[in-house]
Amino acid sequence: MQQQKNIIIFIIVLLMASSFWLFYQSNQQTNPDLGQDWWTLAFTEPKSSNLNFTITNHSDQTSFHWQEMENGETVKQGDVEIKKGANAEVVAPEASVSGRVDIQVNSGNGKEDIYKNF
Amino acid sequence: MIDFIYNQIIFYLAIFLVMFLPGWFLLLAIFGKSKILSTLERFVISFALGLVVMDFIAFAYYRPHIPLTAETSILGSLIFSAVCYGIYKHRQNKAAFDSSSEASTETKKLFSFSKNQLILLLLFIFLTIFIRTVYLTGTVAPTATDMGHHTYWAKVIAETHAVTNYGGSPTFIIGEHVALAEIYMITGLSVFSAFPVMFLFLVNILGIMTAFILTIRIFKNKTVAILSILFLGVLYAVTSPQAKYISGGVIGNIIGDYLMPLMFYFYYRAFEFLREGNYSVETQSKEAKSFLALAVFTTFGLFYTHHLTAFIFLFIFAFLFVFYLLINFGNIKKIFLSAWQVIWSPSVMATFFVGLFFFFVIFTPSYIKGGAVNTAVGVSTKGTRVGLTLTNLKNTMGEARAAMGIIGLIILVLAYRRKDLGIAIVVSWTVMLFIMSTEPHFLLVNLPSDRIGNYLSYPLAILAAYGFWAMFKPSKVEWKYYSKTVAENLVPLTLLKSAFIIILAFVLIEGLSDSAQAFKKAPNFTPLNEVFAAAQYLDKNSTDNDVILKDHNYLTGDTWIKSFFMRGYDYPLSRSYFKRYDGITDPSKLCTLVMISNPGADDANQCFASTKTDFIMINPSYDSSQFVKLDNFNEIYVTDGVAVYYRK
Chain G
165 MQQQKNIIIF
175 IIVLLMASSF
185 WLFYQSNQQT
195 NPDLGQDWWT
205 LAFTEPKSSN
215 LNFTITNHSD
225 QTSFHWQEME
235 NGETVKQGDV
245 EIKKGANAEV
255 VAPEASVSGR
265 VDIQVNSGNG
275 KEDIYKNF
Chain P
6 MIDFIYNQII
16 FYLAIFLVMF
26 LPGWFLLLAI
36 FGKSKILSTL
46 ERFVISFALG
56 LVVMDFIAFA
66 YYRPHIPLTA
76 ETSILGSLIF
86 SAVCYGIYKH
96 RQNKAAFDSS
106 SEASTETKKL
116 FSFSKNQLIL
126 LLLFIFLTIF
136 IRTVYLTGTV
146 APTATDMGHH
156 TYWAKVIAET
166 HAVTNYGGSP
176 TFIIGEHVAL
186 AEIYMITGLS
196 VFSAFPVMFL
206 FLVNILGIMT
216 AFILTIRIFK
226 NKTVAILSIL
236 FLGVLYAVTS
246 PQAKYISGGV
256 IGNIIGDYLM
266 PLMFYFYYRA
276 FEFLREGNYS
286 VETQSKEAKS
296 FLALAVFTTF
306 GLFYTHHLTA
316 FIFLFIFAFL
326 FVFYLLINFG
336 NIKKIFLSAW
346 QVIWSPSVMA
356 TFFVGLFFFF
366 VIFTPSYIKG
376 GAVNTAVGVS
386 TKGTRVGLTL
396 TNLKNTMGEA
406 RAAMGIIGLI
416 ILVLAYRRKD
426 LGIAIVVSWT
436 VMLFIMSTEP
446 HFLLVNLPSD
456 RIGNYLSYPL
466 AILAAYGFWA
476 MFKPSKVEWK
486 YYSKTVAENL
496 VPLTLLKSAF
506 IIILAFVLIE
516 GLSDSAQAFK
526 KAPNFTPLNE
536 VFAAAQYLDK
546 NSTDNDVILK
556 DHNYLTGDTW
566 IKSFFMRGYD
576 YPLSRSYFKR
586 YDGITDPSKL
596 CTLVMISNPG
606 ADDANQCFAS
616 TKTDFIMINP
626 SYDSSQFVKL
636 DNFNEIYVTD
646 GVAVYYRK
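In order, the protein sequence lines correspond to chains G and P. Position 65 of the first sequence, counted from 1, bears residue number 229 in the numbering used here, the numbering being contiguous throughout. Position 177 of the second sequence, counted from 1, bears residue number 182 in the numbering used here, the numbering being contiguous throughout.
This is chain G alone, in the form it adopts within the complex:
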């Protein structure tokens, strides 16, 4: 009887240790701010003509340079500091011409681009 109880306790302890480890690993792996290096660029209002955009940073880079371009011509640019795990919304001017308006963001060696057609 005691022998079997020991076997059961052995199984339970091993499974609990596995559970502890796997939950920990899962938390690590699905946390974008742990050991990962990427960031996102998105329009704050995707359906409207508003050009405000949000940068969400999961990288070690904290300096982001942005520029707004209308049909390839830069109309406004600026810099923004964003800590890892944080995001920042940038207010961009409304489009003044028809055609394509790009928001281009550079950080370190990375560059991303989003656009709306008017």
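All the pointers check out, no bait thrown in.
Capping the alpha-carbon separation at 30 Å, the derived lysine-lysine pairs in DSS-like fashion look like this:
no., chain 1, residue 1, chain 2, residue 2
1, P, 545, G, 240
2, G, 169, P, 38
3, G, 169, P, 114
4, P, 634, G, 275
5, P, 526, G, 248
6, G, 169, P, 225
7, P, 291, G, 169
8, G, 169, P, 99
9, P, 113, P, 225
10, P, 526, P, 399
11, G, 275, G, 211
12, G, 211, P, 617
13, G, 211, P, 594
14, G, 169, P, 120
15, G, 275, P, 653
16, P, 40, G, 169
17, P, 113, G, 169
18, P, 545, G, 248
19, G, 240, P, 634
20, P, 113, P, 99
21, G, 169, P, 478
22, P, 634, P, 545
23, G, 248, G, 275
24, P, 545, G, 211
25, P, 617, P, 545
26, G, 211, P, 653
Non-contacting residues of chain G with respect to chain P, defined by C-beta distances greater than 10 Å in every case (computed):
no., residue
27, 230
28, 232
29, 244
30, 245
31, 246
32, 254
Covered stretches of chain P (chain G as the covering partner; in silico rule of three or more C-beta atoms under 8 Å from a C-beta of chain G):
no., segment
33, 37 to 50
34, 203 to 215
35, 530 to 544
Hints in this document: simulated from the structure, not taken from any laboratory. From the three backbone atoms N, C-alpha and C, an ideal C-beta is built for every residue, glycine too.
Position chain P against the provided structure of chain G, taking the given hints into account.
Same frame as chain G, but now just chain P:
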């Protein structure tokens, strides 16, 4: 850290409440503290019974519209356990638990291990859990397609507070999701956490332990049972249907591989008295009836959980029935008369009819109405369903396990107690699965052959354990036709010892090489997190009127994103694997393909109009160029691995 520990504790508590507790009390009500079951057996069996009990409680809530919530789930478990305890006390007062001393002695004998046996058993259990844990470390993140589907349905049950019929789809079965949903509700843990994987991991380990207790009961041999853990749990620990099925979220199979051996265990113990050759039920009638009632109950549990396993079980059961009667042809009348005394009993009949009532009146699984049975029967021309070759089978099972299993089968058939029910179960289990997976047209089975073949690993592991033991522990084998063993007759002892070392090395090297996959470097999880971040963005910036299309080919973990939206199983739309579109001519069924692959084409525009798709999520490394040149698409979200377009 405190949150983490709290989550762990609440997770264990939920497992205890929705799996262990009701099962343990059910066994207490039936057997009391009788030694007819060992402590280890009670532990292993309780979880399975608990799963089935909680399924039935959820169904019982369905008709009177009692919401299935964390509170009602816990209450259901506690009330059921309390009722069982009441029955136990009542029966105890009536001295109803007087199991025969013979059964108690046998249990004690079978589950008392020598020091060496105990060390070996604990070592194999440790390796079984350790190898899986290492493999799951790199695969626990929510990426698997099947798991994404299953967790969505668990969330649906949790959010609607009722069991679901999956919109009539026969693909999913309610027993796969009730426990997951209840754990989700009780713990409040995210479905994106490790809990679904951990749940399956637990079920998988319990399935292996069930094969162990089945083996020990059938062979009455502890060494063979311990070796069965080696062949099932330690060797080929990663390949299907083991760790890969856990991480892949193949829930039905994993639970099926727990319930099916358990059903064999219960059926075997119900009719165990037939093994002795006197076919007398008198000494064991009470326990036999209880075991048969549990077998019937578990069978309903399987039919509520996984149609493929249930379908396979029916074939094995039919084969077993015919096979056992054939090898005991001269005693058919005695067998029927004795068996009938067990079958025709209030507990068995009540379980059977209550099960039927639930199955056809209270809650009928979607596959019964969905015609899944019709699609599983017939002659298939699909390459994946015409049967495995022996080479396929060897690769599926593992060469060493297959070889040892065949040796075990031959020795068993030739030399063991051939009329024994337990042996008939193992032989039928193996032979029927072999026929179904290699020659499915013989039985008009129209199911994926490799899926069936995977089931063979359980009986083959038992046979391999027996074969290995029988070859190298010959003095204990009950040879019928020889005064000495075949091995002793055929080969000198030195050669036998050499062969043992060579074969052991072959088995270990071949079997453990599979586990090398567990130690591969963990993948990069950035693509997964990018997809989830994009899904969260879309969830925030879209409404129920928007239709999203995403790509399944180049996005990691994409099947999980439906759990962010919770707007239906088919939401978002998905561009499937390209091969799935081969041969399709109906333009409407090509919409998900053309809307991404060629969004400017006329047929794509018709698809956009008919499906009202306005958001598209793709991997920009593969699929952005076709959108950039179109002025009716805005690129609204981007990161290295994901881009989202909005169609104006």
